[in-house]
Amino acid sequence: MSEKLGNVWIFIEQEGGKIADVSLELLCKGRELAAKLGVKTEALLLGNKVESCVDTLYSYGCETVYLVEDPRLEPFTVLPYAKVIIDLILAHKPNILLFGATMKGRELAPRVASEKLAGLTADCTDLKIDDFEDLKNKQSYKNKLMQIRPAFGGNIIATIVNTWDDPQMVTVREGVMKMDAPDKSRKGTLVKVKANLSDAETVVKVIERVRADKDVDLKGAQIIVAGGYGVGSKENFKLIYDLAEALGGEVGASRAAVDAGWIDHDHQVGQTGVTVRPRLYIACGISGSIQHRAGMSESKKIIAINTDPGSPIFSVAHYAIVGDINQVIPQMIKAFKAKA
Amino acid sequence: MSYNVLVFVKQVPDTQNISGEAMTPEGTVNRAALPAIFNPEDLNALELALQLKDRYGAKVIVGTMGMPAAAEVLRQSLYRGADECVLITDRVLAGADTLATSYTLSCCVKKLGKIDLILCGRQAIDGDTAQVGPQLAEKLKAPQLCYVEDVVELTHKKITVKRAIEGGHEILESPLPALLTVIEANEPRPMGGKKIMKYKRAKTPSEVAKAHANANYTDAEAIATEIESLESRGLLIKEWSAADIGADPGRVGFAGSPTKVKQVMSVVLTAGEAKSVPANAAGISQLIHELISDHTLG
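Chains as they are written, first to last, in numbering that gives the first Met the number 0: chain A, 0 to 339; chain B, 0 to 297.
A portion of the hints provided could be inaccurate.
Each computed DSS-like pair below joins lysine-lysine, with the alpha-carbon atoms no more than 30 angstroms apart [unchecked claim]:
1. K204/A - K52/B
2. K141/A - K261/B
3. K140/B - K193/A
4. K237/A - K92/A
5. K140/B - K191/A
Everything labelled a hint here was simulated from the structure, so no lab data went into it. What you are looking at is a predicted structure, and each value in this text was computed from that prediction instead of being measured.
Throw the hints in and build the complete structure from the sequences for me.
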């Protein structure tokens, strides 16, 4: 095929006109991939009355926005979204299509990929452009998307390649791609597209919808103090909150602490929680399962406090404190207040 | 008129307790080396189906695609209250990604005939993709209701479910047939003692043949008689090949999978040598001082 390579597309997720962070992270990564391939970075923005988002998308480096506005696209339901995206794919033949691995992205992307008979890789943590030799089928492919993801509960990292027709589709974990600073001087092209929907796509009705924005923002936090099973009790989590407050950070937790009912799931860091990369991560009484480490090992500085010197958490730590958090944390608060 | 509810389940390696050696050099799972369990969220899907059976009257059929040994999760489904089971097993299905798997399962659904509801766990703990449910729904051109916590109401026209969304929940209403993916929001019932007594003899035809082979006794007629006897007592686990379900060989297994594994590596997370900080006032004071000087703190 001597056809021109298709562009890099990003599905923009929005809730009430507010763009999800992961979509902006993907615009930044998408720009990098598009530059490597010599193609454009383009966004799909679906919803009702969401045109006000367009300038933000340009400022993060998006060159074209396909805007599809229709009352039937609000609130989000899978079937009409999938239909609109399939129509756009067939019309414009993108090379790559990225979704955030959010609850919405993970129910929408497979529906689209299945209809398009495209490959789809879930929950990627890195993306690269490289060549691929398929030794089994004796085929070689140039400039394919390397889709890198953990599997087997985080025990292995696999690189997956989609060898069928485009687009190469993936969902990407929230918080792992770096968000560059926006540049308000950037401009792009707006393409308004009419949704071509029939009754078949609107059979599922939303009868009731209850939601609230999360009251914790771990992804945006520069300092995170996280507690694990070693904290010992719900009451003792006060120590973690005290340290976070003193240092001006957010409170995180391991799965064990969440499962014990000491703290809400919104605070969970790791494979099944949030991936974070703050300036400072303090792991308190966290043994450091591979699932937890996968969610925080890219933090700039990591302090681990644990009574067991053999804890795996120390393998990713920059500072190791073998000791009891009940003694260490009050000393940290005292020392910080004395110096700051 | 009762409902036909189909639950798809998967036998998975217990990924909480393994190391990187569990992979073959080709990058596929070395299943033989791992303890196999009932995928946790599939148990929640089965429980929800059994609750529908209790509330509305339903025939609960449980299906799985896997190795012959996956018959074990089907027996465990019978111990919990399933009515009928089917194992889809065939060498040509090996190496399937989620697209090939969902196509294969869709062929099984079509072969089963009238199905009102399909339930799956949200995702399996070996791949964590959560893709097969939505892809199967698309293959059947049926609506998908994902992240379901509970069924509010079921009638012959429609189903109303409560499902999780980011930061809250929704009540969704959909016509039948529909596909639900279920999250860990119920307590799967234990296996029933009487059911275990009854169904521990349930077998697939190849398990029957294997038992005969092990006893050095391979009389085809005897095998056929035993299979017939199991079937008459409701103890036969159906076993279908790709051809039995009318699957196109080019769309199943490795051949039908657009995604290929290029490379697999064991995860090694290290930050280099950690600096040891004494757990006393002087050590901690020094640490805080360092973090303030390099602008990590303050």
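Discussion item. Checking one constraint from the list: CA of K204/A to CA of K52/B, max 30 angstroms. Satisfied?
Written reply: holds (25 angstroms)
Worksheet item: Is the straight-line distance between the alpha-carbon of K237/A and that of K92/A 30 angstroms or less?
Response: violated (54 angstroms)
Discussion item. So if I understand the rule, the pair passes when the alpha-carbon distance is 30 angstroms or less; does K141/A with K261/B pass?
Written reply: Holds, at about 14 angstroms.
Fill in: Pairwise hint evaluation, K191/A against K140/B, where the allowed Cα distance is 30 angstroms at most
Satisfied, since the Cα-Cα distance of roughly 28 angstroms is no more than 30 angstroms.
Worksheet entry | Hinted pair K140/B and K193/A, Cα distance within 30 angstroms | This hinted pair holds, its Cα atoms lying about 23 angstroms apart.
Comparing the model with each earlier hint shows a violation of hint 4 alone; every other hint is respected.
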